[in-house]
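There are 2 protein chains.
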Amino acid sequence: MCTSEETKILVRPQTCRLFDTGHALQLTCGESLAPVDVTFETYGRLSPCRDNVILVIHALTGSAHAAFWNTPQDRVPGWWHGLIGPGKGLDTDRYFIVCANLLGSCYGTTGPTSLNPATGQPYGLAFPQVTTADMARVQKALLDYLEIPRVRAVLGGSLGGMIVWQMAVQYPDLMDIAIPIAGTPTASPWVVGFNEVARQAIFLDGDWQLLKNDPVHLRQASKRGLKLARMIAMISYRSEVSFQDRFGREQVAEVPEQPFSEEFCFQVESYLHYQGEKLVRRFDPFTYIVLTKAMDWHDISAGYGNLERALARIRARVACVGIDTDRLFTAREMRDAAEWLRKLGKPATYHEIRSPHGHDAFLIEFDQLNALIRQILEDAS
Amino acid sequence: MCTSEETKILVRPQTCRLFDTGHALQLTCGESLAPVDVTFETYGRLSPCRDNVILVIHALTGSAHAAFWNTPQDRVPGWWHGLIGPGKGLDTDRYFIVCANLLGSCYGTTGPTSLNPATGQPYGLAFPQVTTADMARVQKALLDYLEIPRVRAVLGGSLGGMIVWQMAVQYPDLMDIAIPIAGTPTASPWVVGFNEVARQAIFLDGDWQLLKNDPVHLRQASKRGLKLARMIAMISYRSEVSFQDRFGREQVAEVPEQPFSEEFCFQVESYLHYQGEKLVRRFDPFTYIVLTKAMDWHDISAGYGNLERALARIRARVACVGIDTDRLFTAREMRDAAEWLRKLGKPATYHEIRSPHGHDAFLIEFDQLNALIRQILEDAS
Chain A
1 MCTSEETKIL VRPQTCRLFD TGHALQLTCG ESLAPVDVTF ETYGRLSPCR
51 DNVILVIHAL TGSAHAAFWN TPQDRVPGWW HGLIGPGKGL DTDRYFIVCA
101 NLLGSCYGTT GPTSLNPATG QPYGLAFPQV TTADMARVQK ALLDYLEIPR
151 VRAVLGGSLG GMIVWQMAVQ YPDLMDIAIP IAGTPTASPW VVGFNEVARQ
201 AIFLDGDWQL LKNDPVHLRQ ASKRGLKLAR MIAMISYRSE VSFQDRFGRE
251 QVAEVPEQPF SEEFCFQVES YLHYQGEKLV RRFDPFTYIV LTKAMDWHDI
301 SAGYGNLERA LARIRARVAC VGIDTDRLFT AREMRDAAEW LRKLGKPATY
351 HEIRSPHGHD AFLIEFDQLN ALIRQILEDA S
Chain B
1 MCTSEETKIL VRPQTCRLFD TGHALQLTCG ESLAPVDVTF ETYGRLSPCR
51 DNVILVIHAL TGSAHAAFWN TPQDRVPGWW HGLIGPGKGL DTDRYFIVCA
101 NLLGSCYGTT GPTSLNPATG QPYGLAFPQV TTADMARVQK ALLDYLEIPR
151 VRAVLGGSLG GMIVWQMAVQ YPDLMDIAIP IAGTPTASPW VVGFNEVARQ
201 AIFLDGDWQL LKNDPVHLRQ ASKRGLKLAR MIAMISYRSE VSFQDRFGRE
251 QVAEVPEQPF SEEFCFQVES YLHYQGEKLV RRFDPFTYIV LTKAMDWHDI
301 SAGYGNLERA LARIRARVAC VGIDTDRLFT AREMRDAAEW LRKLGKPATY
351 HEIRSPHGHD AFLIEFDQLN ALIRQILEDA S
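Here the protein sequences line up with chains A and B, keeping their order. Residues 1 to 381 in our numbering are what the first sequence spells out, letter by letter. Residues 1 to 381 in our numbering are what the second sequence spells out, letter by letter.
For the record, the hints were derived by calculation from the structure and aren't laboratory data. Any given hint could be a false lead.
Unchecked claim - Taking lysine-lysine pairs in the DSBU-like style, the calculated list, with each CA pair at most 30 Å apart, reads:
(1) B/Lys278 x B/Lys8
(2) A/Lys346 x A/Lys8
(3) A/Lys278 x A/Lys223
(4) A/Lys140 x A/Lys343
(5) B/Lys343 x B/Lys140
(6) B/Lys278 x A/Lys223
(7) B/Lys223 x A/Lys278
(8) A/Lys140 x A/Lys346
(9) A/Lys223 x B/Lys140
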């Protein structure tokens, strides 16, 4: 991975208005939303016949900034920089990569922190519940705006993987290959359970109850609750093996003497607190609630009768990628999804990333990801 | 399992004072505690030569009430009733079973909700941090009080399993067999992580901050926080397979329309809320914090230099029992513990319960538990 200052490739995020009054976005819930702005980044060059496009979809707290740097001062590149670049699995010398911030998120695309035209204030509680189907619709609208009729592949991990499934069902002719990574056709009750306890942490925060109706203080509402929500989620993103390898029973420098102290004693706790605080600085509770609810309601069968009929719509090759230690979206679920497609006569394959890191392996295991994605794309060409 | 009214065997819990002023309990933390009362139950008959005793140790929110009924009105029997009784794995026709409420708990043994003799009020925040070594010491003191010099077996699950390890190291000549079930020689950082997010849920509750210094309102302090702590813990006690089998994507009868509603939508959420509310009615946040902290600090090597030296002290046969789907104390950890003992030349065995239910299988899979415990006890006799 490139880290030296002089070789930093800078990428500007772009924002476009895809829906507006008179051409509002019709949401699954029945409401309509306008305007809808979308922020996206692209890497590589669009071929003259526009046939080298790969659409990348980010996870729960991700953004359009998937690779390279936005400013010379940025210390870290985008979240999938290990996979996107010249000669990498998503080779920017060959492909034109598009990544857009999801509908309902807080990194430039319209979401609960955006201005509500009805009030001139951020939406906050007034933001409608969007679904993964709505998110897929906005991704498709962006491709239309970019005049890209068809893409080589759509891929993403976690919530991003869920939206890959949604797009494969919703737009069967849009892509050659769908690559859902550690993201399932429907949200399991296990995922719903983790999301619900995280949301309840937000609701438990006194500041949420005080400030949730005050759109001006969106980010102040539930700092402690959002922090705890993230701490809970972080456990589900990792694995017992990774915690053991990394932290063991190492204690912090100053272990509190008071038994009821709210300070922590072990490095693993310090890590969880640190991760929680880090998210609070870049996210907000409204977005967290909207996006986790969208995950919970994610079910590709919605509108198609049942899961089999939804899967039967898919015309893309589907390469399902599981992670052997994933404790949130299990490898078994990913393997089962491929199996189900094959039973329906679809050309589906299952691939497994072996990693101690659990769910987050899709953001860590770049050696395997590069080899795997390269292989999947080559097999299909 | 016996459920009909007429065959209900009633068992009275008994309470004894094991430590008092002048003979206080010396705690690992350096403080001393007096008085220490212990509530316990016994099942079966003590043989004339007192050689048929089995000590059962309960888990985090358990009690001394391991089997049968305390009153004719009780709807459910004790927590291990499926394993304890005439002809069962822990056969009350052969064995004299003892189960005592743990030091620091809230079911009759001295803990944070007990009266502090210095103030005449419940201890609350003034209760010292007890350890699994202290808990083991109190279990041993109870056996001394009952004039039982040696037991056939000590067994327990989860925190109970941790204390089995502690007793096997601390009192090598006390038992023939140690049977830790889904409980490890030291607390893993994974367990510490789950415990910490649960405690932070309590700390996040405004009522905790308001009432924690008011020992009179122990149980009112952090009802919502304790509820969320339990909801988080319940996920770790179950498995993705059990949630899928039991709940799938079933919705509740009245799904809230408001996206930011604090009401839930899916049956799995309803279940977690129900379990949280159930615990709040029978537990308190002070006990929850003290016992989870004791779990976090659980490390049989404490005082013995390192883990190998601690394990080398063990003279009992050790039958380690793991659960294949356990997401909290993994089967791998239990297998590794048996392996480590064997490397030290100890007669250790590993046994696995196969279940979809995750960690809680030790409270559910009674067919397997009965067969397994019977076999382990017979092999050793």
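Hints versus structure:
1. B/Lys278 x B/Lys8: Cα-Cα ~24 Å, so holds.
2. A/Lys346 x A/Lys8: violated (42 Å)
3. A/Lys278 x A/Lys223: holds (11 Å)
4. A/Lys140 x A/Lys343: holds (28 Å)
5. B/Lys343 x B/Lys140: holds (28 Å)
6. B/Lys278 x A/Lys223: holds (28 Å)
7. B/Lys223 x A/Lys278: holds (28 Å)
8. A/Lys140 x A/Lys346: Judged against 30 Å, a Cα distance of about 23 Å means the pair holds.
9. A/Lys223 x B/Lys140: violated (46 Å)
This entry does not satisfy hints 2, 9, going by the numbered hints stated previously.
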